[in-house]
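Student: Listed here are the chains, written in short residue letters.
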Amino acid sequence: MAVRFLIPGPLRPFSGGVSSVALSASPATVGDALAALRALHPGLTERVLTEMGDVRPHVNLFVADTNIRDAAGLETRVPDGVEIAILPAVSGG
Amino acid sequence: MPAKKLQTPTSSGLSVRDGDALLLVGTMKGLFLFASRPGRGRWAMAGPFFPGSSVYGAAFDARAGRKRIWAAPSSMHWGAELAWSDDFGKSWKRPEVPLVRFPESSGAALKNIWQIAPGRASEPDTLCCGVEPAALFESRDAGETWQLNAGLWGHPHREKWQPGGGGLALHTILVDPTDEGRITIAISTGGVYRTDDGGRTWEARNRGVRAEYFPDPNPEFGQCVHKVVQHRAKPGRLFLQNHWGLYRSDDGGDTWTDIANGVPSDFGFCMGIHPQDPDIAYIVPLHSDMFRCTPDGKLRVYRTRDAGKSWQPLTRGLPQKNALETVIRDAMAVDSFDPAGIYFGTRSGKLYGSRDEGRSWTLLQEGLPPIVCVKAAVVANSRAKKGVATSHAKKVVATSHAKKRVGNVRGRARGTAPRKARRKRAA
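Chains as they are written, first to last, in this note's numbering: chain A, 1 to 93; chain B, 1 to 427.
Hints listed in this document are in silico derivations from the structure and should not be mistaken for laboratory results. The structure presented is a predicted model; accordingly, all values stated were derived computationally and were not measured. Treat the hints with caution; some may be incorrect.
List time: in silico DMTMM-like cross-link candidates among lysine to aspartate or glutamate, alpha-carbon distance up to 20 Å [claimed, not checked]: (1) B:67 / B:104; (2) B:234 / B:296; (3) B:111 / A:46; (4) B:93 / A:46; (5) B:111 / A:80; (6) B:160 / B:203; (7) B:90 / B:18; (8) B:309 / B:251; (9) B:111 / A:70; (10) B:321 / B:296; (11) B:309 / B:258; (12) B:67 / B:159.
Input sequences plus hints: build the corresponding full structure.
Tutor: Dropping the structure here:
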């Protein structure tokens, strides 16, 4: 089964308006999944990662229920068919 | 039962005619646009655009027949980017891949875009922007592609620049209108730097500017310069508002003279310079760096008419009690009408304007989010040739805001509009 990204509302202008994007590739890690996402929708990956390739400090990525910050970061393994949720952190002002 | 989630606000653009006055007002929660006939007595408002994003940088580019508004929305979550509108906010273009990006070799990531500066009229496709961390980006194709200025990025002083309260930002860009090799920039905290060879090399230009927070208060660089303004017709004339200190230069920044003569405080952020008279400048003094509010609860703009030999408070129409306001570095602007319009915005979300060069003031709008940037422009006649067509079309996301109008404001200014403007309005 395909790995699928769940897209939050503010980023949907960069996903063609859809709330989820399925990858045809089978990425091994979250970093690989984001690279595959970049090929489909570069505007999404650009807003999740900085130019340095780091996850932006106020963005969280969940592989199923696991925040990748509590796992192996971009090296976190991606099981087949899993959903990766892109979520804004509860920060603001 | 959970409350129903509200929809993100949307706004239509403005209807603007040639010759109108235009204000770009960046706030901590989006960009607002204001437009008025040349008399500047009644203003229409549109916004917020990019709701939720701070907008520290904005500019109007009227060169080569364009009517382009640039904005630099910065989302705490998704990063900073450049966007533009060619129809006064009815639609915005946001490239999928942000235009301004640090190259991988720099080892840096963009935090914010603090300043967007169209280049000289003779070079209608050049633009600059100043960013955080402190760096200058340049475009020579009307904003389609941007390059990091390597001369400034590689400057040996850069490692010693320190972030101010707002971050380590390049917040001021003065493209010399006559000298094609000269650009002056300012960094908090790094000070003033100038290139005379088109950006290849840069030299600190802080002689005479104090840095009271160093053991040596007269260093070569490291000053926390808050704002510098330059006169278009007399480009050697600069005024500078420092973290502490008010200065004037008559030699393009080679030397600076203290001009804090008769102001309640020489601490402040914003500055404006008169479009015609190079001896007239405007500031809003603040109490101190520890308090950063208007002294004595009085909101006063101070004006000099003699290049800083003396300053007079301008208070008519401004609150003179219980007004502990803050006006930050880019929140003052001057238009190019005669008489000139002066505008400033406060951290408490109030936008003030004067259409008689500061003699009287009107609250144009209140209740806005904290204001961080105000830019004024006169919308140019578009008979000149069309601007360079961009090839962004395939890779940009267009955002239409055509659904709902947020509101209108009506100014209450009773100043004297120019006779021509009154005739036009009556018509």
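Student: I'd like to know which numbered hints this structure contradicts. Please list them from smallest to largest.
Tutor: 1, 2, 5, 9, 12
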